[in-house]
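In order, the protein sequences belong to chains A and B. So the first sequence is numbered by the numbering used here: it starts at 19 and just counts up by one. So the second sequence is numbered by the numbering used here: it starts at 19 and just counts up by one.
Calculated from the structure, these hints are not laboratory results. Don't take every hint at face value.
To be verified - Below are the DSSO-like pairs computed for lysine-lysine, each with C-alpha atoms no more than 30 angstroms apart in a straight line:
1. A:K123 with B:K123
2. B:K105 with A:K123
3. A:K136 with B:K77
4. B:K77 with B:K123
5. B:K136 with A:K123
6. B:K105 with A:K136
7. A:K136 with B:K136
8. B:K136 with A:K168
Said to hold, decoys possible - Covered stretches of chain A, as calculated for chain B (at least 3 residues, CB under 8 angstroms):
9. 78–92
10. 98–109
11. 114–123
12. 156–164
Beta carbons: idealized from backbone N, C-alpha and C, even for Gly.
2 protein chains.
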Amino acid sequence: MALFAERGYAKTTVGDIAARAGLTERTFFNHFSDKREVLFAGSESFVNLVVDAVRAVPKSAAPLDAVIAAYESTSDFFEERRPFARKRSALIAAHPELRERELIKLLSLAAGVTEVLKQRGASASAATLAAETGAAIFRVGFEQWNQDPKDRSLTFHLRAARRQLEGVVRGRVAKRL
Amino acid sequence: MALFAERGYAKTTVGDIAARAGLTERTFFNHFSDKREVLFAGSESFVNLVVDAVRAVPKSAAPLDAVIAAYESTSDFFEERRPFARKRSALIAAHPELRERELIKLLSLAAGVTEVLKQRGASASAATLAAETGAAIFRVGFEQWNQDPKDRSLTFHLRAARRQLEGVVRGRVAKRL
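This is chain A alone, in the form it adopts within the complex (with noise of 0.2 angstroms):
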């Protein structure tokens, strides 16, 4: 990560980032398949960490209730690596293939979440609209912790994106909020 700041993303070979951490470029490859996958390595932990907490609130609780208590018990984990999150979202930010490879995981948690919440007893389609609509809330609630420059929780900023989208949804959304 440290080189793709120095030298740009583009720039950074895999020879490079294998050097930087001791290693050979064979090893890499046995633990990454390519370098965007450095960025992503985290992902499927995360993935793993989201569906096992819906699996884990209680059933008495509704589908959009389960899924943004999954988000929100992540937030300590996004916590400790806010100076790395900050970083990773300018990087991919700024390069369209990681942009894709990005919201490629993002669809594999929403699956994800799909699957368990229907394993919970919800139908399939609103199964689909509460992990489709979570997802869009961590989306903003994410993406408003990044920027926050209070450093406000990842809980304070997903409930306002909860907030936020019940409006959206009753159409009484200020055009210009």
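Position chain B against the provided structure of chain A, taking the given hints into account.
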């Protein structure tokens, strides 16, 4: 499409498709980057249709209303294509690499809708929430339309999906609908 149904998607080569269409392989590749593109050739015009429709909705409409109205305006477009849409959906559901391509196309649609909503004066976060909520409603409504034994219109199913989403967001959804 007929060929995919006869021989199976994996077994159909570009040569087969070109021969059936009376084209050389070379001419085929002038039109499509690979055989998957045959299924996605209409996607770009669909994206433009929706984005233009959002732009055409009066500015007084709230963002989500504008998005749903735009999707509803494609109801006739899909009505003419119902048999094609059913075969296409079945094919996509059966092939993970097609599912991924389909999701990427839907993401570019949501991104396009987000941009138009911002041009209409919505904040970045309200635009994202309305575009992604609208995409979730479209996805669920389209799926129900596709499977409806009574062949009711896409507009009918979009409205039903929106009502269901309102229930999900209020947290008043029964766990099994």
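Check the structure against each numbered hint from earlier and tell me which ones fail, lowest number first.
Those not satisfied are hints 3, 7 and 10.
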